[in-house]
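Engineer: Residue numbers (the numbering used here), protein chains in the order written: chain A, 1 to 226; chain B, 1001 to 1494.
Be aware that a few hints might be false.
What the hints assert, rightly or not - Derived SDA-like pairs (lysine to any residue); straight-line CA-CA distance at most 20 Å:
#	chain 1	residue 1	chain 2	residue 2
1	B	LYS1201	A	ALA125
2	B	LYS1201	B	TYR1188
3	B	LYS1357	B	GLU1146
4	B	LYS1201	A	LEU127
5	B	LYS1201	A	ASN128
6	B	LYS1443	B	MET1351
7	B	LYS1297	B	PHE1287
8	B	LYS1057	B	PRO1323
9	B	LYS1297	B	VAL1420
10	B	LYS1297	B	PRO1388
11	B	LYS1297	A	LEU224
12	B	LYS1297	B	GLY1437
13	B	LYS1057	B	VAL1047
14	B	LYS1201	A	LEU129
15	B	LYS1443	B	TYR1354
16	B	LYS1201	B	SER1271
17	B	LYS1443	B	THR1431
18	B	LYS1057	B	GLN1478
19	B	LYS1201	A	ARG122
20	B	LYS1297	B	VAL1381
21	B	LYS1057	B	HIS1482
22	B	LYS1357	A	LEU127
23	B	LYS1201	A	ALA4
24	B	LYS1297	B	ALA1353
25	B	LYS1357	B	PHE1287
26	B	LYS1297	B	ILE1434
27	B	LYS1201	A	ALA126
Said to hold, decoys possible - Some chain B residues well away from chain A (every beta-carbon gap over 12 Å; in silico):
#	residue
28	ALA1164
29	LEU1403
30	ILE1411
As the list claims (entries may be wrong) - Partial selection, computed: residues in chain B whose CB lies under 8 Å from chain A:
#	residue
31	GLU1146
32	ALA1150
33	SER1167
34	LEU1170
35	VAL1174
36	TRP1178
37	PRO1186
38	THR1191
39	ASP1193
40	THR1194
Simulated from the structure, these hints should not be mistaken for lab results.
Note that the Cβ used here is the ideal one computed from N, Cα and C, for glycine as well.
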Amino acid sequence: MLAAHLDPLPASLFSLLAIGSLLLSFVMLGSRWLRHYLYAFAAQSWLIAILSGAVGYYGNYAELYIVAILTAAFRGLLLPYLILRIIRRLEVHREVHVILQASSSLVIGAFAVIFALAVSYRIGAALNLAGTIVVLALTVMLSMKLIGFLMLSVRHEAISQILGLLVLENGVFLGAQILVPGMPLLIEIVILFDLLIVVACFGVLVQYLLSLVGTTSSLQLKRLVG
Amino acid sequence: MSTIGLLTLVLTVAPAVAIVLILLIRHPRVAEALNLVASAISLLSIVAIVFLRGDAKLTFWGDYVIIDGLGSWTILCAAIVYFLASIYAVGYMRLLGEEDRLHRFYALFAGFGLSTLVGPMMNNAGLYWIAIELTTLISTFLVAFEREAASIEAAWKYIIVVSAGISLALLGTVLFYWSGTFVLGPTYDMTWDTLQQAAPKLNPSLVSLSFLLVLIGYGTKVGLAPMHTWLPDAHSEGPAPVSALLSGALLNTAMVGIVRYLVVADAAGISHLARGTLLALGAFSLFIAALFIVRQKGVKRLMAYSSIEHMGVIALGFGFGGPLGIAGALYHMLNHSLNKSAMFFGAGSVMRAYDTKRIPSIRHVMSRLPVLGGLWLAGAVAITGAPPFALFLSELTIIRAGLASEQYFLIALMAVLLVVIFVGFLNHFRTMYIENGEIADQKIVPVSAWCLLPMWLALVPLFVMGLWWPNALWEHFQTIAHALDAAAPTEALR
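Can you make the complete structure from the sequences, with help from the hints?
Structural biologist: See below:
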């Protein structure tokens, strides 16, 4: 396995990129301006694209270059552009409905990372891989998942829910590049493609929500209970 | 290519061709006819496949497609619901007055039907995930089809909750793949068989983590509590044929994934954790369903919570495992698909006749809608698991499976909750049928034959299968159970 015996240089490069992505998810968690949120997401996608390229280079996986280009093009440019357009059209610039202050969500996010670290540490120890980049990759993967769920639950603007979902998947992508660089290309392409459809769906739904319900806050969605 | 391969191709190509033609011709009457023909062709092909297959396990197209016992049985359930719902849709969708958008509805409907048929035949864990994600994407638009505020709210909750849940399944899939790389090398085809064969050598703690993620992920799609929150909304706000397809076809399609991973978990030696968690989720679903059924006000939400209940029962069946548990769960899948379709069809017609979704505004169903009222009431008795209908037999088999694996506490809990649901569910029907209410005009409303026929087609087999469980069917379940249980130590739970 690639991640188990890496040279110091690629190992530190991968770690840097993974930690950078994790930090960017904290930027998203702490920002109340949708635009910053979106820029952080785009930057995170770029880091993941660079990571794909780097893993492809050091592990000799030619197809990862294609994945890198697709990630950069779709998740780094196209998705942020589409969401930016929706933000402009809806004229919602900041998170209006905050359940949790940014500072408290940062603290909860930190606990999520500690929990993820504890889980990954045990898994790493069970696999005799403690101290390698595997533990870091697993930690980042799980904590981005948890932070994504945190964003979904404490933010109620429709667009930040879309972004929350995308962060959930970014976590999986990041981990998958380091842990399973050999996972078939087919799957990765379809996942990228799939995300594009998801955003198309969301675009339509946001429009619908706005024209009929009159708001894009999911806090207003309380007709259906019980 | 073998006959079965050809039939599999026909099964999937028929709805696909229908979608293309519907979108090209753009005429409502043509669209409904094309969709109906496609669903009939799909149903005939899968019936032929189930008969021809014997106990062989066949893979096609570079191992990406598998026709095995569990898969073909689930496809059969889905194809039956798709066919019945297509008949019903002809009558029901004309009432909505959306003639110029109707071809789009049928294109999406055929697409949704197709995606539920394709899901169970995916042999690759990654492709299976994609198929499940595809069902969500297509059905979101069907749920939102009526474009009312409530249906859009339901569609939004549906896509957010289910996508978030299913992303956990993706993480679980990736971790499963990773655990396999320690045994099979960095690149391999992640088929169910490969996973099962590699399972004994996989690291137990990694497999446990992956299995739990997959279970929660696909469990969201199955509607197991506490991940069920999208289900009552989506099921109650979509048009009635869509509700039937969601409940009768989609939930089973997602259940297949859980069962396939359960087989891998058994082989990996973590049966105790895997089955224990599945049983806990199943029992909790029954509990939540019982609470919400008793105090329900919406007629379609009542049916939706009943789906959560039955998915809980099926989860318990697969969780108990063994020949009895698997046979009971498979039989229950078919019975629930038939019965819940009939219930949603009835609920849709009643909703149109009274122009309300609220139970308190529906009174004297029998005198106002004579034939439909009778069928719907029979369906209600059947869905609560009362004899002489088939759900009684399948639930009894699952209870016997639980007794065989000595899960006395769970069985007692399940029995109590089923009784609560029986009382609560039928009490709503009592109020709708015989309680006095303010419905002034007692005129008889005609119901189109398109809406009645599928209810007959669903309830007559349920009645027959309740009196007589064909021996051939029992043997068919035993071959499936044998294939699924090969890896499981039968004593796992004792």
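Engineer: Taking the closest Cβ pair, is THR1194 (chain B) under 8 Å from chain A?
Structural biologist: With a minimum Cβ separation of about 13 Å from chain A (threshold 8 Å), the hint on THR1194 (chain B) is violated.
Engineer: Are LYS1201 (chain B) and ALA4 (chain A) close enough, with their CA atoms no more than 20 Å apart?
Structural biologist: holds (19 Å)
Engineer: Verify the proposed pairing of LYS1443 (chain B) with TYR1354 (chain B), using a straight-line Cα cut of 20 Å.
Structural biologist: holds (11 Å)
Engineer: Could you grab the alpha-carbon distance between LYS1201 (chain B) and LEU127 (chain A) and see if it respects the 20 Å cut-off?
Structural biologist: holds (12 Å)
Engineer: With a cut-off of 20 Å on the C-alpha distance, tell me whether LYS1357 (chain B) and PHE1287 (chain B) pass.
Structural biologist: Status violated; Cα separation ~24 Å.
Engineer: Against the 20 Å threshold, does the CA-CA distance of LYS1057 (chain B) and HIS1482 (chain B) hold or violate the hint?
Structural biologist: Roughly 12 Å separates the two Cα atoms, so the pair holds.
Engineer: For the pair supplied as a hint, LYS1443 (chain B) and MET1351 (chain B), confirm whether the alpha-carbon distance does not exceed 20 Å.
Structural biologist: OK: LYS1443 (chain B) and MET1351 (chain B) at ~16 Å, within 20 Å.
Engineer: Hey, LYS1357 (chain B) versus GLU1146 (chain B), does the alpha-carbon distance stay inside 20 Å?
Structural biologist: Status holds; Cα separation ~14 Å.
Engineer: With a cut-off of 8 Å on the beta carbons, see whether ALA1150 (chain B) makes it to chain A.
Structural biologist: Cβ of ALA1150 (chain B) sits 5 Å from chain A, so the hint holds.
Engineer: Within a Cα-Cα threshold of 20 Å, do LYS1201 (chain B) and ARG122 (chain A) meet the stated pairing?
Structural biologist: Measuring from Cα to Cα gives roughly 18 Å; hence the hint holds.
Engineer: Given the hint that LYS1057 (chain B) pairs with PRO1323 (chain B), does the C-alpha gap stay at or below 20 Å?
Structural biologist: holds (19 Å)
Engineer: Next pair to validate is LYS1201 (chain B) with SER1271 (chain B); report whether the Cα-Cα distance is within 20 Å.
Structural biologist: holds (15 Å)
Hints 10, 22, 25, 28, 31, 38, 39 and 40, counting from the list given before, are not met by this structure.
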